[in-house]
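Note that the protein sequences, when read in sequence, are chains A and B.
The first sequence begins at 1 in the working numbering and counts up one residue at a time.
The second sequence begins at 461 in the working numbering and counts up one residue at a time.
Don't take every hint at face value.
Pair ranges (Cβ atoms, derived) [to be verified]:
no. : chain 1 : residue 1 : chain 2 : residue 2 : range
1   : B       : 511       : A       : 154       : 37 to 45 Å
2   : A       : 377       : B       : 568       : 54 to 62 Å
3   : B       : 507       : A       : 152       : 42 to 50 Å
4   : A       : 128       : B       : 538       : 26 to 34 Å
No wet-lab data here; the hints were simulated from the structure.
The beta carbon of each residue, even a glycine, is placed where N, CA and C say it ideally should be.
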Amino acid sequence: MDDSQEFQQREAAILDSINEGVFTVDLDWRITAFNRAAEQITGVPRHLAMGSQCCDVFRASVCETNCALRRTMASGQPMVNATAHIVNQDGARVPIRISTALLRDDQGVVVGGVETFQDLTQVERLQKELQARYTFEDIIGRSPAMRRLFETLPPIAASSSTVLIEGPSGTGKELVARAIHNLSPRKRKRFVAINCGALPDTLLESELFGHKAGAFTDARRDKPGRFVWADGGTLFLDEIGDVSPAMQVRLLRVLQERVVEPLGSVQPVPVDVRVVAATNKDLADLVRAGTFREDLYYRIRVIHLRLPSLAQRREDIPLLIQHIVSKFNQLQGTQIAGVSDDVLTRLMEHPYPGNVRELENIIEHAFVLCQGSIIELHHLPLELRPSVPPAQGELQPRSLRAMERLLIAETLERRGGNRKAAARELGIDVSTLYRKMKELHIQPPDTDGRGRRRQTRSMS
Amino acid sequence: MPITLAVADWKGRVSPVFDVTERVRLFVVDVDNPSDERPVTARLGDRSPHARARRLVELGARVLVCGAISRQLQTAVIASGIRVIPWVSGNVEEVVRAYRDGALDEARFAMPGCGGARLRRRHGGQRRCLSEETEETS
Numbered sequence: 001m002d003d004s005q006e007f008q009q010r011e012a013a014i015l016d017s018i019n020e021g022v023f024t025v026d027l028d029w030r031i032t033a034f035n036r037a038a039e040q041i042t043g044v045p046r047h048l049a050m051g052s053q054c055c056d057v058f059r060a061s062v063c064e065t066n067c068a069l070r071r072t073m074a075s076g077q078p079m080v081n082a083t084a085h086i087v088n089q090d091g092a093r094v095p096i097r098i099s100t101a102l103l104r105d106d107q108g109v110v111v112g113g114v115e116t117f118q119d120l121t122q123v124e125r126l127q128k129e130l131q132a133r134y135t136f137e138d139i140i141g142r143s144p145a146m147r148r149l150f151e152t153l154p155p156i157a158a159s160s161s162t163v164l165i166e167g168p169s170g171t172g173k174e175l176v177a178r179a180i181h182n183l184s185p186r187k188r189k190r191f192v193a194i195n196c197g198a199l200p201d202t203l204l205e206s207e208l209f210g211h212k213a214g215a216f217t218d219a220r221r222d223k224p225g226r227f228v229w230a231d232g233g234t235l236f237l238d239e240i241g242d243v244s245p246a247m248q249v250r251l252l253r254v255l256q257e258r259v260v261e262p263l264g265s266v267q268p269v270p271v272d273v274r275v276v277a278a279t280n281k282d283l284a285d286l287v288r289a290g291t292f293r294e295d296l297y298y299r300i301r302v303i304h305l306r307l308p309s310l311a312q313r314r315e316d317i318p319l320l321i322q323h324i325v326s327k328f329n330q331l332q333g334t335q336i337a338g339v340s341d342d343v344l345t346r347l348m349e350h351p352y353p354g355n356v357r358e359l360e361n362i363i364e365h366a367f368v369l370c371q372g373s374i375i376e377l378h379h380l381p382l383e384l385r386p387s388v389p390p391a392q393g394e395l396q397p398r399s400l401r402a403m404e405r406l407l408i409a410e411t412l413e414r415r416g417g418n419r420k421a422a423a424r425e426l427g428i429d430v431s432t433l434y435r436k437m438k439e440l441h442i443q444p445p446d447t448d449g450r451g452r453r454r455q456t457r458s459m460s
Numbered sequence: 461m462p463i464t465l466a467v468a469d470w471k472g473r474v475s476p477v478f479d480v481t482e483r484v485r486l487f488v489v490d491v492d493n494p495s496d497e498r499p500v501t502a503r504l505g506d507r508s509p510h511a512r513a514r515r516l517v518e519l520g521a522r523v524l525v526c527g528a529i530s531r532q533l534q535t536a537v538i539a540s541g542i543r544v545i546p547w548v549s550g551n552v553e554e555v556v557r558a559y560r561d562g563a564l565d566e567a568r569f570a571m572p573g574c575g576g577a578r579l580r581r582r583h584g585g586q587r588r589c590l591s592e593e594t595e596e597t598s
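Extracted from the complex, chain B is given alone in its bound form (with noise of 0.2 Å):
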């Protein structure tokens, strides 16, 4: 089944900061027919998390991948009924394809200091950042 993706981008880059990112690219991302269908760019404006909340629902996204984000940014998107796959670095087209093969966990796609999938376990519903270090004293 088809679902919109919404990658937040930065020069064609997974844009680090998630709450001052400017646009997103919404991507149909259908795992099993896979499509050529060209992405979307949106603005996203506003930057308080309910209004970014608010946007991407708009949008239709159901999945956002995106850099650092803030607790009280992570919260309310998640609230909006958007799963939220941060901390991810790299290319938004490698990104979305690797999204696709199941391969986003790789940690060529984590953000320094966040480790692969192993460290970007769910914290109360919420993925968080985990060092190595933190990883190993928890």
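Excised from the complex, chain A in its bound form (with noise of 0.2 Å):
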């Protein structure tokens, strides 16, 4: 065996060594190399394959319009991780990741390319599967607390008792209503949904109760209220701590009696509704301030959720954006992949007052700005876009220097300057505040915090 053959074999052996398939071409497109991985993924046999057209061979959804190869010839860069799929001999579309490169000769002479391709039918099996599991009626987290969550959900939903939900402003109060009603028995029968806080007694009492014609001044027909529109259903009355004391008593006697009397009737009516309510306030705060009845209270929360802020569970936020950015796609027809490293990590630290609402509205903002694949931090909110600027010969954005210097940055601009208090909430002496400052080349905000406070206090 002379060298060149030994080289050869050697050169196939390491080829078959791996996972991923690989195939070289030369400048006439025909294959001169095909690895065993690539015979199992095209299930086409090495020994056919060579000489071929590539692309009779890798049939793959690029190779006519958008060739990765072809690409890769013209311009002399490679290509890492386009995405695509092939046809195999079945007629099954195996969905594929794609790596290009250049072949030279000992010259430095182009005599061919190589391509890579991994497939990705596993891949894509589990992170559906995950998808699965991290989502529940619309409901998306795999924090812990959100696991809970929709482990208590289905039991619930099979009870027909009282909801109380409890949990900041955008938590999804609704969609966890929604899926108590989509899980329940009652589920052919409809959902209805009320903000007690948007509407005047006078109007709540008609709109939930509903009223007899003749029973007011414009009241020219009957009209069913809500309780009985949600008869056999749910009746979702959001904003429940915002209800006056005389609502709530007529409230705590639907509840009991499970009667309701529209306005102007003297006929009770029926009604089979269950009753969730939800509130962005602590119930029990207003029991004890005397400003919710402590009957309705117990009444309404005979099963009793709390859902956890956003900032209590960040870990949740990829998959959010994961979420929000496709459900985007498919209502705005766009094909935006997703967020780039350093939007994930800004959007990762913001505080969300608003929670996962105010996420969604960020990305939407975003989506109107950005017109490539990937979202960047120019896209984002102006308020959301970092404060610094980053420094000369700066590291790699994503690098834990970079990190520190945003961090240190943001905690002074946040303590409008004061050194002291944004080392205590970094948990570091001041003096290493100082130094990092000075090594990361970090320019206090204009504000000073002392002189402010020193100033305030000559002020009072």
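Take the two lone chains and join them into the complex the hints point to.
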């Protein structure tokens, strides 16, 4: 065996040991090497692939219009992780990830190209399984808090008890209420939602209980209330903490007696309605303050759910971003693949006073500005863009050093330039903070926390 | 009797994947009375299986000759009453001549690994690409 044969054998053994499919082509697009994984993924035996046109063997969705290898040959630039699908011998569509590079001879002359590809079938299947596991009736989350919620919802839905959902605005209280309805035996009947805080008492009374013709001026016809409308189903009373004491009495009566009396009627109407109430306030506090009736409180909080704020389940943010991006892609017919690493880092550290709704608004804003396939920092709302421009000779944006710089600069900004307060918040000594500010070239904000305090004191 | 043959076309060759082919060339083929009628090129547009099948029907195609084709698309085209001859490769003009001469089953017109007629047998109404290894073990 001569040297060149030995070299070829060694080369083939190396290629065959790789789990990814690999093939090489000459300048006429004829296959010159084809490893074992490529045989398995395409279903084409090596001896038949060798010398054939690569498109007849590879049969990828990109061959005709967007061949990765052709682009690499034209530009000289390698391509990494492009996605496509191939049609295999069985007529099945196999999702793949492709990378390409040029092949050069000893003199550096381009003699062909190499393409590596990975079968993503398993990855896609696992992704779908994970997605299903972390999705529950449109509620997304994999944090322990959300998974506990997912576990408790089916038994709650199976019962007909009244439910109180507490949680800050934008945490998905109505989504949970809908999930309870959809999972319950009442799902074939209506889910009726009403925001109790948005209506004045008289209107709310008429909306909830209905009225008879002539009950008041302009009441020309009988109108069934939301309780009757939701008969057999679920009534969602949002912002229950905002109803007046008089309305609380009427609600209590309906929940106790299971009958409603439309305005202007003396005939009670029996109703079979499951009530799910929600509030962004702490109802127990309102009871202690005397603004919410204790008897009504205990009547509606037979089952009590407390939804975590987004800041309490930050680990769900990447999953939520992915979900919101695909939702907007579907709604707007766009093909944005996701967010850049910088954006993800920024979104992970945002405090989210508006919770998931705020995150959704941020992504919606970015969708308007993003013309490419990835949402970048400059597509975010102004207040979320970094307040400090990168320093000269900055390291990679996701490096520890860059993250440290961003964190310190933002803490200083938030603390109005007060180094002592910023150091306390960061859990480091003031001297360490000064050293890091010098090292990382951080300019303190224009306002000085100490100066302002002195100024405030002198004014008071 | 003349029939319209649609061939998935990409730069004069049979397109490698019919699911993403942008156009077909339509040939009126009469085995008994060969004519010199020039082929017409038509765009396919929408890539969904049913839209593709509908478009072929609109174009009057009775037979489709193509390269690789996914099962869903092949089912949709067959369900539209069009005969599908898949896993074909080569120059479009030569492929059409071979069809006229009844020689399309020759191995040189088969995509690599899909053998000739012997290996592109019907399986449940669909022609599948069977490699030599598959055939031997089946």
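Quiz item: When the hints from earlier in the document are held up against this structure, which numbers fail?
Solution: No hint contradicted; all consistent.
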